[in-house]
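Q: Sequence:
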Amino acid sequence: MFTLAPATVEDFDRLLQLRLRCMRESLERIGRFDEWRAYDRFRNSYRPHYTRLIMAPQGSLAGCVAMGPVDAHLLLEHFYIAPEQQGKGLGSAVLHQLLGEADTARLPIRLSVLQQSDAGRFYARHGFVQTAEDEWDVYYERLPGALHVLHEQEGIA
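This note's numbering puts the first residue of the sequence shown at 20, with every later residue one more than the last.
For the record, the hints were derived by calculation from the structure and aren't laboratory data.
All clues stand as given, with none of them false.
Quick list of the computed label-pair ranges, beta carbon to beta carbon: (1) ALA124 to GLU54: 29 to 37 angstroms; (2) VAL148 to TRP55: 32 to 40 angstroms; (3) GLU29 to ASP59: 18 to 26 angstroms.
The structure presented is a predicted model; accordingly, all values stated were derived computationally and were not measured.
By construction, the Cβ of each residue, glycine as well, lies at the ideal position given by its N, Cα and C atoms.
Work the whole structure out from these sequences, hints included.
A: Given below as structure tokens:
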């Protein structure tokens, strides 16, 4: 269904364009879309050594995701699925793989999503719990093994 490939510094421009395609509508909804601010924020947080390209079976770029250690947790950021690939289960499949990696490492995952973003519901379905919020973002955390516990509670094997 997909493969994950390491990103490089040279992937910055195409991943920035992916970010803009994926985030524009949400940022416009809260009055925060500014292409230069998006560029600056991505430039300051792009960590290619923790970023992976999500490749579709035919070899095209379907998205990207970054997850790496920060203090005693993993930070999940820049998780973008190309609009034409959304709604097909790809995001859930990639996230399940990342959750498995976090569980193996026995580390919690933390992330943030924009206020009023549909992503909050997506992460809640996968065992993330809201921990805080501010004017622009909502913060979530998932403890190791949380999805397994969630499935047990719902009677899913």
